[in-house]
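Peer 1: Whenever a hint applies, use it, and build me the whole structure from the sequences.
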Amino acid sequence: MEQYRINKDNGLEFGLYTLGDHLPNPQTGQRIPAQQRIREIIELAKLAEEAGIDFFSVGESHQDYFATQAHTVVLSAVAQATEKIKISSSSTIISTLDPVRVYEDFATIDLISGGRAEIIAGRASRVGLFDLLGYDLSDYEALYEEKFDLLLKINENETVNWEGAFRPALKNARVLPRPLDGYLPIWRAVGGHAASAIKAGAAGVPMQIAMLAGPTQNFKETIGMYRDTARQYGHDPDQLPVATAGFFHVAETTQQAQREVYPHINEGMKLTNGAGFPKRGFAMGADRRNVLNVGSPQEVIEKILYQHEQFDHQRYIGQMDFGGVPFDQLMRNIEWIGKEVLPAIRKYTKKEADQ
Amino acid sequence: MKIVGLSGSNVGSKTRTTMKYVSEKLTSQYPHVEWTFIDLADYSVQFSDGRNYLDYEGDTAYVTRTIMEADAIIIGTPIFQASIPATLKNVFDLLPINALQDKIVSFFVTAGTSKHFLIPETQLKPILSYMKAQTVSTYVFIQEKDFMNKEIINDDIIFRLDALVEDTVMLTDTYKRIREEKESMYDF
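Those sequence lines, one after another, are chains A and B. Each residue of the first sequence is one higher than the one before, starting from 1 at the first, in the numbering used here. Each residue of the second sequence is one higher than the one before, starting from 1001 at the first, in the numbering used here.
There could be a bad hint or two in this list.
Here are the simulated lysine-lysine pairs, DSSO-like style, with alpha carbons at most 30 Å apart [what the hints assert, rightly or not]:
#1 A:K270 x B:K1132
#2 B:K1132 x A:K220
#3 B:K1145 x B:K1089
#4 A:K270 x B:K1176
#5 A:K46 x A:K350
#6 B:K1182 x A:K270
#7 B:K1125 x A:K279
#8 A:K270 x B:K1089
#9 A:K279 x B:K1132
#10 B:K1002 x A:K279
#11 A:K270 x B:K1002
Short derived list, chain A residues pointing at chain B, Cβ under 10 Å [as the list claims (entries may be wrong)]:
#12 A257
#13 E260
#14 F282
Hints in this document: simulated from the structure, not taken from any laboratory. In this text, a Cβ means the ideal position worked out from N, Cα and C, and glycines have one as well.
Peer 2: Structure follows, in structure tokens:
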């Protein structure tokens, strides 16, 4: 795990992620300006660090209602504004980018941040960027696999010799700068689908799995398949960290947390995916066995600990700004996290606690 | 209330003729219904490649978005090779898996032979159930002999189509009320 800068003994890492969505607040119908949204994301990272949160990441999405298409630029600003929080992408769409360029960007962010940068590479859940950046959607799978492989190869070797179908060959090419420790943690983003988790296991790379809602048990199965496949392909699952990602919101009571965040998630899903979040499904999210981390601090703590018990994962990252959630509410969330959630999670997942 | 009529084939006239009757019945009797008729013969819809329906453009975007915005859908389909036409199946493939959740779907079928009477039960209904539609249980099966010069000449078919239209509107109204009542019980 050391190569991924994860120390299991420290217990479950807690992080935040934003997709950089730029959606109207359903309560007011208003969108804040893009400039304000980006500045608030940087501010959020600073507050997260002050609260003791371990990790902060920014996603890349090229469609209407998003503001962080140039997510490496935003991460660079986050690197400058913070001192110790780990920073990453969730995710970088490696399919339509040049892995050399991605590596250069993230190695630079790693140097700016003093060795805090990571890459979480995905293959795009929405595909508008294929036209925008000049790629053929029929190469969807092949593009991702080839470019992800190249990214891993660049991470292993400063001088690269490589040939593929979607990028000019590299002959004794030196990819610079190198990250602070000579190596970046590179994760595969998995959209919850078992096939993708199996590929991550076969490649022997850390997996970050998105789980918006549904039974914890289902995701436990997928994570199990990831680890089984890793073992079959000769990798040691104990050396491969797993991260889970999903909606997060805390308030005084579970009812209040649901009331506060449901309209944002529902309306946001409608605008970005075309279908809202059914109320019944959201209500089921309050059950301890459901992965949706929305509730009172105590209930969310219990759920995260239950998930940790089931998954034995190394990092949980929460999305709490989806759908135009006002900044003061995000600040309140961070306060709860710092005061209640983090101390409890650390107390119960740190190695010393077991002894 | 938005109801979409979806004629599932790009050839032939029987389904179009029947949909024309349904359309007149619906718009004359239920003025509160916002009726849109999509005859797939009029549109160039591309094959599904697995992307989110919002990422398509042109006719494909129009057809999928119109269906997604509907409260109810009345499907008319012929039977080809003992199954639904590929054009109609493609529309299902273009939509998300839960696309028909909270939507009422009713349908009529036109066919060359009565031997295909159970095709909708085995070919169409499983797809609609999988996509979580609330289906009107009775459908109307119409044969070659029920038409003459692009008119329906069998009164039994007329009566059954009238009932289909009425059931569709009634179920849509009722289901909407049930949902509202259920959702008002949630505290968010």
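Peer 1: State for each hint whether it applies.
Peer 2: Quick rundown of the hints versus the structure:
no., hint, in the structure
1, A:K270 x B:K1132, "18 Å, holds"
2, B:K1132 x A:K220, "26 Å, holds"
3, B:K1145 x B:K1089, "26 Å, holds"
4, A:K270 x B:K1176, "19 Å, holds"
5, A:K46 x A:K350, "25 Å, holds"
6, B:K1182 x A:K270, "20 Å, holds"
7, B:K1125 x A:K279, "26 Å, holds"
8, A:K270 x B:K1089, "24 Å, holds"
9, A:K279 x B:K1132, "16 Å, holds"
10, B:K1002 x A:K279, "21 Å, holds"
11, A:K270 x B:K1002, "18 Å, holds"
12, A257, "9 Å, holds"
13, E260, "8 Å, holds"
14, F282, "7 Å, holds"
Consistency note: the structure conflicts with none of the earlier hints.
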